[in-house]
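Enquirer: What follows is the residue order along each chain.
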Amino acid sequence: MTERTVKVMSRAGLHARPAALFVQTAARASQDVTVSKRGKDPVNAKSILAVLGLDAHHGEEITLAARGEGADDLLDELEHILSQEEPQRA
Amino acid sequence: MRDTGPLRGTGVSPGVAYGPVRRLSGTVPEPPAGARHDGDGDAETALALAALEAVASRLDALSERAATAEGRDVLAAQSLMARDPGLSDDVAARVALGLAAPRAVYEACGVHRAVFASGGAYLAARVADLDDVRDRAVAELLGVALPGPPEEGEPFVLAARDLAPADAVLLDPARVLALVTAEGGPTSHTAIVARALGVPAVVALPGADELAEGIAVVVDGTAGTLVVDPPDAVVAAARAWSDSRARHVEAAPGPGATADGHRIPLLANIAGPEDLPAAREHGAEGVGLYRTELLFLGREEAPSEEEQAAAYREVLEAFPDGEVVIRLLDGGADKPLPFLPAPAPEGNPALGERGLRMLQHHPTVLATQLRALARACHPAPPSTEEPRQNDPLAKTHDPPHPGTSTVSPVTRLAESQNPSHPARPDAHPEVAVARLAEGGDPSRPARPDAPSEAGAARLVGSRDSSSPAGSGAASGAGVARLGVLAPMVTGAQDAWEFAEACRAVGLVRPGVMVEIPSAALRARDVAAQVEFLSVGTNDLVQYVCAADRQSGALASLQDPWLPAVLDLVLLAARAGVPCGVCGEAAADPDLACVLTGLGVTSLSMAPAALPAVRAALAAHTLAQCRAAADAARAATTATAARKAARKALATPR
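Going down the list, the protein sequences come from chains A and B.
Here the first sequence is numbered in our numbering, starting from 1 and rising by one per residue.
Here the second sequence is numbered in our numbering, starting from 1 and rising by one per residue.
Looking at chain A on its own, in the form it has when it is part of the complex (with noise of 0.2 Å):
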């Protein structure tokens, strides 16, 4: 299991298209990956409903987890995306 906790630093939190993307980003992966919030039980990060549902706004931190070959590599990606103030594409 490869766990990490970031900050969002999008400027509209993780809504809009930041969670688009970072859906997308996810639903490609083989394995299962989820996102948390302080306190709350971890969710699907392939979800839009289960991210959104999050209400994880600009500044706030947020734990991704996911197990198994290309786990770092998957974290990499969505960290880069949560990293971004305003992200394109991923």
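Derived by calculation from the structure, the hints in this document are not laboratory data.
If you want the footprint, here are the derived chain B segments under chain A, 3+ residues with CB under 8 Å:
| id | region |
| --- | --- |
| 1 | 79-85 |
| 2 | 110-117 |
Here are the in silico distance ranges between beta carbons for each label pair:
| id | chain 1 | residue 1 | chain 2 | residue 2 | range |
| --- | --- | --- | --- | --- | --- |
| 3 | B | Glu293 | A | Glu69 | 41 to 49 Å |
| 4 | B | Gly39 | A | Glu79 | 44 to 52 Å |
| 5 | A | Glu79 | B | Ser242 | 54 to 62 Å |
| 6 | B | Ala128 | A | Glu61 | 23 to 31 Å |
| 7 | B | Glu346 | A | Arg38 | 25 to 33 Å |
Bear in mind the structure is a predicted one, so any value in this text is a computation, not a measurement.
Positions of the beta carbon are idealized from the N, C-alpha and C atoms, including for glycine.
With chain A held as given, fit chain B onto it using these hints.
Expert: Using the frame of chain A, we list chain B on its own:
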């Protein structure tokens, strides 16, 4: 034939149309609770998932057609919702328990809907997106009409309770003859969409959403009426109007003027370069109001200086001989933006931090937009050019160095073109903007003293006499034609601070919107600070009447014919600088004549409204316009003002 006379609402987009009603089918029935399938769970699950996939594909296709980035993003997110793996699992689990596919989809969406509805403003707004996905999937499964505007068939008059932004994406201008809605006001989304499409529209029309599908109607967007099952004579009149409108457009007669040759430039209101073809097609002489919000909406961050400059330059270049007025970002109120957070929660955003007030809190956004506007006056630099060397504004990013030339060609140009507003020695957008952000010094004289002779001499002396004049000459025309307009200006102090910030970057034509009554009442003081005024009648009416323009119930108060409004327009028109009107009032042909009679110097409107206004002006003398203005102001109600003005216009003078 019914004998009920015309139905009356509020006309918000001029013109007359005749055609069959199509309803905005917004009501997909809720599948009954407990509805069960006939036993083959796998087949039922397959049906449900196929329906969701069909919805996703459809949304993808619509997303590609969307005209705005905002629309594209909304539709793309909706497509992801329809393909959501969590949603599919939930639907399958509910079907496994025996629920019929439509009910399973409905309930599975309901879980997320509840989460969204209890979230923040952004999430709450996604409820409508999710409902749309759900309704589309349920409609697909039940075999009922899809929600949204009809996507096929003959041209039609679209009837609805109200239109949502997402509905607008789906409207095909070639097939929508007119819009009628039961709710909404002159500035509702329906009105804006109708004017953009150039079709007549009536809002706040009781019963509009209950019109029978397919019934023939005549919609008069000027009078605000709808005739159901019209008699032949009414149909003939509607057809005659359409023909004459076509003739106006075809004739495309020269610039706007009264019958006796008093010039009134007729300009276009645009939301971006994409509106330029319509503006030219309808004979606009320039742009009287470029609302820049579209560049910023749906973005998590303000667009870069270069991106903004490219859009502004495109508009300037589209009208090489005409006036172009570009309004600063009017954020806040009903247009919240992630990078312009309100300083504090607002119970009444329309009376809160919006327009210039909001920009005063975000000086970086303001400075970037002003620099982009100044940059737009110059031809786009060829890609081979060394950017810093030839970039006329590059220096404005750095603090001035004493004793060396720090004055950009644009600023020099500003000085040479307008000696009454010499660029300040500290000409520097951040400085001026910071001053603006700090609110300036109220004790300072309204028109600040020119920099001292010594300072000016130092400035002149430090100039590089070998600076290239060629690019300056080319851009000079742009600078002189570019009016920069500040929204939500309260009075002279705001106007002065804004004008300073403009002049600091070489923008020599600052102007302000007159939309707050305080600015209209002291229009002379405001005008003394700037080069022109522009009356925004929509907001002016809202603030004069203390009537929320979003409120359908108060739509009758949203009437620019109100004598109180005309009085304020008169004050602005007589304030000593050119004064245009860029609100919807300018698009009403009779009112356009009245505004001309009040002394307004240009009229700016949705492009589609230009031909009718041009024809109305050409048909009346300035004396008739003045008589109409006097008659309207002598009236005591909006209705009486309209009637009196029409009578005066019909009297030869």
